[in-house]
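For the protein sequence lines, the chains are P and L, in the order given. Position 124 (the first sequence) corresponds to 124 in this note's numbering; numbering is contiguous. Position 203 (the second sequence) corresponds to 1203 in this note's numbering; numbering is contiguous.
The set of hints was computed from the structure by calculation and includes no laboratory data. Remember, predicted model here, so these are calculated numbers, not experimental data. Some hints could be false.
As the list claims (entries may be wrong) - Simulated restraints, written as ranges between beta carbons of each label pair:
1. D37/P to A1409/L: 14 to 22 angstroms
2. S1405/L to R133/P: 50 to 58 angstroms
3. G1413/L to G34/P: 19 to 27 angstroms
4. N1331/L to A29/P: 44 to 52 angstroms
5. G1413/L to H188/P: 48 to 56 angstroms
6. P1083/L to T90/P: 52 to 60 angstroms
7. H199/P to A1368/L: 53 to 61 angstroms
8. T1014/L to P80/P: 33 to 41 angstroms
9. K87/P to G1413/L: 54 to 62 angstroms
For every residue, glycine included, the Cβ atom is placed at its ideal position computed from N, Cα and C.
Listed below, chain by chain, are the residues.
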Amino acid sequence: MIAALALLGTVRDARDAPRGGDADAALVAAHLKGDPDAFAALYRAHASAVYRRLTRILGPIAERDDLVQDVFLALHGALPRFRGEAKLGTLIHRIAINKACEHLRRNGRRPVALASERVLDEIALTATSPEHRAAAREELERVLACLARIKPKKRVAYLLRVVDGLSFEQIGELVDATPETVAKRVQHGQRELDALLVHAERRQP
Amino acid sequence: MTRARDEVVRAALTVDDHLDDIKRAQLWTRLEARLAPASRSRGWWRLVVPAGALAAAALVVVVVLGAGRHPIASEPASLAAPPGTTLATPLGPYARASLVGPARLELVGVGEATVARLRAGTLLAEFDGAPGRSLRVEAPGLAVVVVGTLFAVEVPDRGATCVSVAHGRVRVEPRGSIAPVFVATGERWCEGDRAIGAITPETAEALARHASPQLAAAPPAREIPAVVPPPPAPPPMVATIRPAPRVTREVSSPPPPAPRASSASSPTPVEAATPPTPAARPPAAPAPEPPAAPAPEPPAAPPPAPIAKPAPPASADTLYATAEAALARGNEVAAEHALDELIARFPASAVVDQALYERATLAYRRHAYAQAQAALAGLARVASTPLAEPGAYLACRIAVETHDSSARACIVGYRRAYPRSPHDLDLLGWLIEAAVHDGGCAAAAPLLGELGTAYGASKLAHAWRARCPERR
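Start from the sequences, fold in the hints, and give me the full structure.
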């Protein structure tokens, strides 16, 4: 029993583990047959992943809550046409990425601050001295502001690669592009970000 | 440089990417409300089509007659109040609103989750909150999310949009900003403000008038039936137009307001009678006194000396806000006190389920399992709360940690009730561990099979493949 307790405390990371497609398929079938609880179960299974995906593309912005709902509304509308060619998880992530891109396009390329004050502080907290902390914060804000100026497709490809560590093939599956196209987008995204950072650094007093 | 840059990006975008149980449940409530009309519309389109033309024509067209003016037709699904008038109307099934002209309001969605868009003017509203209900008011520059409160949103011709709260608390989401702003009883916040200020006397008085039907109805009112926008809102939408109440600072005349009309929704008389009297604020408006003395004449005794007013009685929202603030300061004892008071005094409040869950979590953290179980039992009695699932999970964890014989049944029941829960893997892992403890790997074979099927790529599955290789 004690071991079980220890286990309960340590397997939290496993929540993010990929889930088998059978359970999803059964839930989709049940939902389409009119089971009122099936969609709630799908939401429970994938909500955290959607939230994480949106955060890792858009940053910790307040609109994430609405976007999570938008993703599941779109999924709800798409399920009657879902034939199971791809995994449900892939479909959901595609929808999430599309919603994130729509959000980025809607908001133009204005340099929106991505992270809340608390988050900025949390990241900068690892710095050893107040001076280092201030510098870390500034650096962070600069990177985020520059990131906000990269076009959505490049930004998404770059972030899926750098933040999630996905392969070009995996990214291609999510954004409906060939691995070669994805590689180019990642490369361009990196270059643009570097150029913007250099530019931002020069403009600093 | 590349690596350092990538590190910074990674840190910024992963530090706050976890969706906790409460937020997940809250999002589901809002999503469910949005899904309901979508589901209905799929099957009902055949019935709706013949009525389409009628419905289109019947979209809210409120014709407002100002003094000596010709009718002004508003846009479909919108309400307009010309200068000098106040338009009283339900705002969805659970909110009563007054639109102080010149103003324009659009109803985006009506139902459990009502969404309104204030284009111009001032909106005074009282929302009767409960689990599953929400009211969102979008205005230029910000959006206000309401749980249950008496509040105002002002969109001036020029200048910033402002939000004032006479009772309760609202969450304001400034456009283009990440951090929400919480505006509570007696407070006012305008777009761009760095700090929250006190509600203005004029707004406090206007809200008091709005909350008091008798007062509001004092001038002769003319009712114009407006058309109900899409179906789910049960009460018919009736817009009442009356001249705008003149907001003055006269102390002499205003009659005492009657008890608030929504007292049925307010669980205790204390809450229902709470006047908008901001505590510890600069000289407040001559806010109407609570209706303790219904007699029209003031008592003969001389008025008391102008001493500082006592703090307004706490409402469920303010107690919850107190608990949140205490938690933010790390003062769990104060948080527990506030939550206990909320649970005891406002058992039918819209936030009681959150209070019970928070109370259980706090008790659980300090291993006060009996207290946690009592709070969870209370939570289980709350009808249709989205926190039922996290509450059930916590109950199972407590059963495990207290070596309760019901732990296994609890987990099995939970997994059956909430398939594909984010906690499913944790609990499946516990069941496997317990089965192996009792009868070895063979006894756990079915569960190991399930683990491999549902979570084959997880670390837990890898670990079990190593421990029970014969079952690979």
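Hints and how they fare:
no.	hint	in the structure
1	D37/P to A1409/L: 14 to 22 angstroms	holds, 21 angstroms
2	S1405/L to R133/P: 50 to 58 angstroms	holds, 51 angstroms
3	G1413/L to G34/P: 19 to 27 angstroms	holds, 24 angstroms
4	N1331/L to A29/P: 44 to 52 angstroms	holds, 50 angstroms
5	G1413/L to H188/P: 48 to 56 angstroms	holds, 53 angstroms
6	P1083/L to T90/P: 52 to 60 angstroms	holds, 56 angstroms
7	H199/P to A1368/L: 53 to 61 angstroms	holds, 56 angstroms
8	T1014/L to P80/P: 33 to 41 angstroms	holds, 35 angstroms
9	K87/P to G1413/L: 54 to 62 angstroms	violated, 29 angstroms
In this structure, the one hint that does not hold is number 9.
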